[in-house]
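Could you build all of it, start to finish, from the sequences and the hints given here?
For the sequence shown, our numbering gives the first residue as 886, with consecutive numbering after it.
No lab work stands behind these hints, which were simulated from the structure alone.
Note that the structure is a prediction, hence the values are computed from the model and not measured.
For each residue, glycine too, the CB sits at the ideal point set by N, CA and C.
Quick list of the computed label-pair ranges, beta carbon to beta carbon:
id, residue 1, residue 2, range
1, A1197, G1170, 26 to 36 Å
2, A1103, V1187, 35 to 45 Å
3, A1103, D1068, 14 to 24 Å
4, T1018, D1150, 49 to 59 Å
5, A1197, S970, 49 to 59 Å
6, T1205, T1149, 14 to 24 Å
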Amino acid sequence: MRTIPKGSRMKTFLAVIFSVMLTFTMMPVMPFMTGDVHAVAGDVEINDTTFPDTNFRAWITTNVTGGSTTLTADMIKSTTSIDVSNNTALTSLDCQSNKLMNLDVSNNTKLTDLSCYNNQLTNLDVSNNALLTILECNTNQLTSLDLSNQTIDDSYFLGTNQKPVLLASLVNGKYVVDLRANDPKINLGKITDLQVNGKTYTLNNGKITFDTLPAAGAQVITYTYSAVDKGNTTHAMTVSASVSYTPPVVTYSVTLNGNGGTGTDLKTYTEGTGATLPTDWTKDGYTFAGWYDNAGLTGNAVTAITGSDSGAKTFYAKWTLDRPAPPKSVKAKAAGKHSVKLTWSKAKGADQYKVYMPDVYIIFKMLRLCS
886 MRTIPKGSRM KTFLAVIFSV MLTFTMMPVM PFMTGDVHAV AGDVEINDTT FPDTNFRAWI
946 TTNVTGGSTT LTADMIKSTT SIDVSNNTAL TSLDCQSNKL MNLDVSNNTK LTDLSCYNNQ
1006 LTNLDVSNNA LLTILECNTN QLTSLDLSNQ TIDDSYFLGT NQKPVLLASL VNGKYVVDLR
1066 ANDPKINLGK ITDLQVNGKT YTLNNGKITF DTLPAAGAQV ITYTYSAVDK GNTTHAMTVS
1126 ASVSYTPPVV TYSVTLNGNG GTGTDLKTYT EGTGATLPTD WTKDGYTFAG WYDNAGLTGN
1186 AVTAITGSDS GAKTFYAKWT LDRPAPPKSV KAKAAGKHSV KLTWSKAKGA DQYKVYMPDV
1246 YIIFKMLRLC S
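Following this line, the structure appears as structure tokens:
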């Protein structure tokens, strides 16, 4: 990458040393940490030039170097995180070529230049850094990067990061990878040596077409991307990517005709997944007997929509009449010379009753008992 001029070492108290360095809250330190922060290669002598703040310099020798006046390259390279949350006026941060696993710049809203390449970052959130115009973050383990709030031309994201996965869409039976849909800020003119499945390929309006979906994880797309850093140096980065396709979610409507019953409704189902039809439906005086795909309730009951089904569905509830319990408190009373009045309590679920006439002798006995 680029070489830092010796004059820049005045600013090399290093954002990459330890998180405690940049969280040190002594007030004299803060003004020194509001401009540019750069990292340098090799050892750094701790003196009033490299660390002009007396208190901060003393803290470094006591807590970091163990009394030594030299900040060694090993100390610098062993850093896994930094904390710049208190440095809200920071405009430039160079913390490249360390072992950083975390970097939070959410509070650094004035940041315009961030160089964090050659680390071990798995996540980088620059959504709050709207002023960012230069971002060098290649050679990390990033799998995604949202630059929707920036106007960055070269983000250095794809170069030697975690193998990117390019999303494909299904168009007319073929799988199409649109590089601009995957990375809206990509400059197609900087792509060279494009190969697909090991063979030279010519982009068609930024798109790559496959007859069949490549195997999951297979690095089937490779190309060289020429990006320019802030020192106007061109870097040819090799990009190797796999292809992934996620079928679109297709839903269809479901209509449940309860035939007078009520219960849990089901309005839609997803193609490829299906749905289970509810069985908690009730109707006064009836027992639920299943769903049918026709109003005549013929054929077999349907319990579920399968994953292979498609299209809108309508189902009809079938009910079986519950047999009411016999009436209780039946009473007979003579109502005339040749008639008997019968009374009984209403039976739940019954809307009509049948009275069977016994033989004449029994009627005569009943009338005698009631007289």
